[in-house]
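**Q** So you can see what is in the structure, the chains are spelled out below.
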Amino acid sequence: MTEIDVNKTDPYFARDIMNQPGGEKIWACFSCRTCTASCPIAAINHTFNPARIIRMALYGLKQDILRSDFIWFCSNCYACQERCPQGVRITDIMTLLKNMAIQGGYMPSGIKSQMDIIKGEGRIYPIDDFDNKKRAKAGLPPLPTSCEVVKALFS
Amino acid sequence: MTDVGRHPRITLHTLSEIKDVNGYVGNFDVSILKRARYVDENECTACGDCAEACPVIRPDEFNLGLSSRRAIFSPFPQAVPSAYVLNANECLGHNPVVCGKCLEACDKGCIDFHMSDKEIVEHVGSIVVATGFDVYDPTELDEYAYSRFENVLTSLEFERLINAGGPTGGEVLRPTDRQPARSIGFVQCVGSRSAKKGGNYCSNICCMNTVKSTLMLKEHYPDMDIKVFYIDIRAFGKGFEELYTRSRRSGVHYIRGLPGTVEEDPDKGLSVAVENTATGNLEIHHLDMLVLALGLKPAASTQRLQEMLGLQLNPDGFFLEAHPKLQPVDAATRGIYYAGCAEGPKDIKESVTQASAAAARAIRLMHKGEITTEAITSMVIEEACKCCGKCAEVCPYNAVTVDVKKKIPASVNTAACAGCGTCAAECPFDAIIMNHFTDGQILNQVHTALEESTQEKILVFACNWCSYAGADYAGVSRLQYPPNVRLIRTMCSGRVDEKFIWDGFRAGAPVILVSGCHIGDCHYIDANHWTEKRVKKVHKKMAKMGIRPERLQLEWISAAEGVRFAEVMDGMEKLRQSVTPEEIAETVQLLKE
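Note that the protein sequences, when read in sequence, are chains A and B.
Counting in this note's numbering, the first sequence runs from 204 upward without gaps.
Counting in this note's numbering, the second sequence runs from 41 upward without gaps.
Treat the hints as calculated values from the structure; they're not laboratory data.
Just so you know, even glycine gets a beta-carbon here, dropped at the ideal spot from N, CA and C.
It cannot be assumed that every hint is accurate.
One side only, chain A facing chain B, incomplete, derived with CB under 7 Å [what the hints assert, rightly or not]: (1) Ala217; (2) Arg218; (3) Thr237; (4) Ser241; (5) Arg286; (6) Pro288; (7) Gln289; (8) Ala304; (9) Gln306; (10) Tyr309; (11) Gly313.
Listed below are the simulated EDC-like cross-link pairs for lysine to aspartate or glutamate, each with C-alpha atoms no more than 20 Å apart in a straight line [to be verified]: (12) B:Lys236 - B:Glu159; (13) B:Lys237 - A:Glu285; (14) B:Lys237 - A:Asp219; (15) B:Lys447 - B:Glu414; (16) B:Lys430 - B:Asp566; (17) B:Lys236 - A:Asp295; (18) B:Lys141 - B:Glu180; (19) B:Lys236 - A:Glu285; (20) B:Lys148 - B:Glu159; (21) B:Lys308 - B:Glu211; (22) B:Lys74 - B:Glu159; (23) B:Lys148 - B:Glu211; (24) B:Lys584 - B:Asp512; (25) B:Lys236 - A:Glu227; (26) B:Lys446 - B:Asp479.
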């Protein structure tokens, strides 16, 4: 159990989420915990808990959420959103929180390096000559080793 | 129920379906289709010899398919009338070559295959709607796996299992292996309090039903491991909290948190994943059986009955009472009352209370032999009526009859008429007089109000029940609002004829406000829908003629909204100041042409 410093909460955080598409119904959470009980990530990693994130957001613990690693653990399987009896779009809210984190300048180094790879190579798994040689052996056409289009998208 | 069946002045129609209802308070004609029972219900002694002889085996609906019955059967042990019934669709037929075994078995000769469905018309004075409820079907809630695993039961199925007269004689056996269950979990709010699946309302009875079930289990099996997964236990009501406390004291685990997934173990037990709110931990509970506490939903027949009787439903689909506090058992249509879950989910005590109230309301209405109605009813001038049928279309009470094809002029049933005046407002030929609120009376008020310093006046039409009462409330609350407001009271905003508005503008009114009850709160069922339509129509006409449509306003103000009334009047005053004398003169000129 950690202490919550009420002076450091942002009372407008929940409102900011409500004003964005997908976040409208965050207030409706009545803490039934169906989301956490449905979550495949929560089943193996206790630091990720969708219900707790929603409650934290409603308390206004903006910095704790946006600076955290855990919001990036969501696998976007939508099980929680599908089962939420109150119609809270939990997965969409996770995406919203990630967007807000990036806007606030918070991004875990892993995510940052993934983004850099996509920016440079156009894909998350870079293709080099080694891969193309293997592809040629299997009779497959070669793949481009870089992608200018994606770079253009980022600029 | 047995007393009802025996009472000399109560006629019970079982196996019956309402086909149509006509008439009005004191004079309802109810057409009933009485299905053939194929057994003489007065002669049958329910000895059961016929069922023993019957070779057809079917799932027993009363035991929810957990046991079987024959094609000729008694629906359940205490069924009234105490007579068997034959399901013709399941029966093999009475041809001796095929079957006909029950005919031979019945010594008294009660079985008659030549019975046929009968159409009966009953003439009644009042109607009590007590059509009950259906339960939510949990199949769509995949996380609880009701359709996948046999050991997941509904609360109704569990009720049959633990019942001494049920298929297992009261022993709680697992459906898969018929072995006594050692641990049972209950999931609350299945199909209740959900914005997406089932109803978004609380079904009222499931918490206490589960508490009762846990206590029964603890009585029979003190060592059984019982867990209840819940969001909130709603144990309000006399003696309920005590029962809940007793359940907890007897060792039932109440775990706050709803399951997310249910998986079957190799031994056919169930693994239920729940996050316990108290500990914040994700827990996996291994249980022999899981019971889903189903929510209630409106009975399937609700919609059809609503159309036949001209009643209203609330957004949840249950019948809507005339007033939630002051007329909780009355329908908006006179002579119709509600009892039990037809009006909303409720437990036995509340149902009995409401049923007693409904009976007393019906007696109060009927015992005099005649009813007293308000003199505020409408009246048709037959010579002026062109039989267009508009009045019959708009009447919320179906009090106006008119034959458009045979050109029989409209007539108003004064017993059914509640006096909203919508018919008089909509009649294109001025063939309807609304007593006490005649065109002449209202137009005189309009002209008198606008007689002096016309361009400073704000003309307001306010309905008796909401807006006029709202104005009263503003006064009682000593709120300030512009003194140049001139209120004209009508029973309903539906009474405000287009003509009143045009006459007002023709007489030089700068602005006009039509106000009534909020949509859905109209004291004349839905008469204010017609107000809304009419005002929209006038707005269009005004725009076409080059008059600023803003000068006619429509606002819904309730009797409790005194502050809002004052605010609306301030708004109207601002609007009035924006209307120049030239604009008024132009409008008057336009309307005179």
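**Q** Could you run down the list of hints and mark each one as holding or not?
**A** Evaluated hints:
no.: 1; hint: Ala217; verdict: violated (18 Å)
no.: 2; hint: Arg218; verdict: violated (20 Å)
no.: 3; hint: Thr237; verdict: holds (5 Å)
no.: 4; hint: Ser241; verdict: holds (3 Å)
no.: 5; hint: Arg286; verdict: holds (5 Å)
no.: 6; hint: Pro288; verdict: holds (4 Å)
no.: 7; hint: Gln289; verdict: holds (5 Å)
no.: 8; hint: Ala304; verdict: violated (23 Å)
no.: 9; hint: Gln306; verdict: violated (29 Å)
no.: 10; hint: Tyr309; verdict: violated (25 Å)
no.: 11; hint: Gly313; verdict: violated (25 Å)
no.: 12; hint: B:Lys236 - B:Glu159; verdict: violated (41 Å)
no.: 13; hint: B:Lys237 - A:Glu285; verdict: holds (10 Å)
no.: 14; hint: B:Lys237 - A:Asp219; verdict: violated (28 Å)
no.: 15; hint: B:Lys447 - B:Glu414; verdict: violated (29 Å)
no.: 16; hint: B:Lys430 - B:Asp566; verdict: holds (16 Å)
no.: 17; hint: B:Lys236 - A:Asp295; verdict: holds (16 Å)
no.: 18; hint: B:Lys141 - B:Glu180; verdict: violated (42 Å)
no.: 19; hint: B:Lys236 - A:Glu285; verdict: holds (9 Å)
no.: 20; hint: B:Lys148 - B:Glu159; verdict: violated (27 Å)
no.: 21; hint: B:Lys308 - B:Glu211; verdict: holds (19 Å)
no.: 22; hint: B:Lys74 - B:Glu159; verdict: holds (6 Å)
no.: 23; hint: B:Lys148 - B:Glu211; verdict: violated (37 Å)
no.: 24; hint: B:Lys584 - B:Asp512; verdict: violated (36 Å)
no.: 25; hint: B:Lys236 - A:Glu227; verdict: holds (15 Å)
no.: 26; hint: B:Lys446 - B:Asp479; verdict: violated (29 Å)
Checked against the numbered hints above, the structure breaks hints 1, 2, 8, 9, 10, 11, 12, 14, 15, 18, 20, 23, 24, 26 and satisfies the rest.
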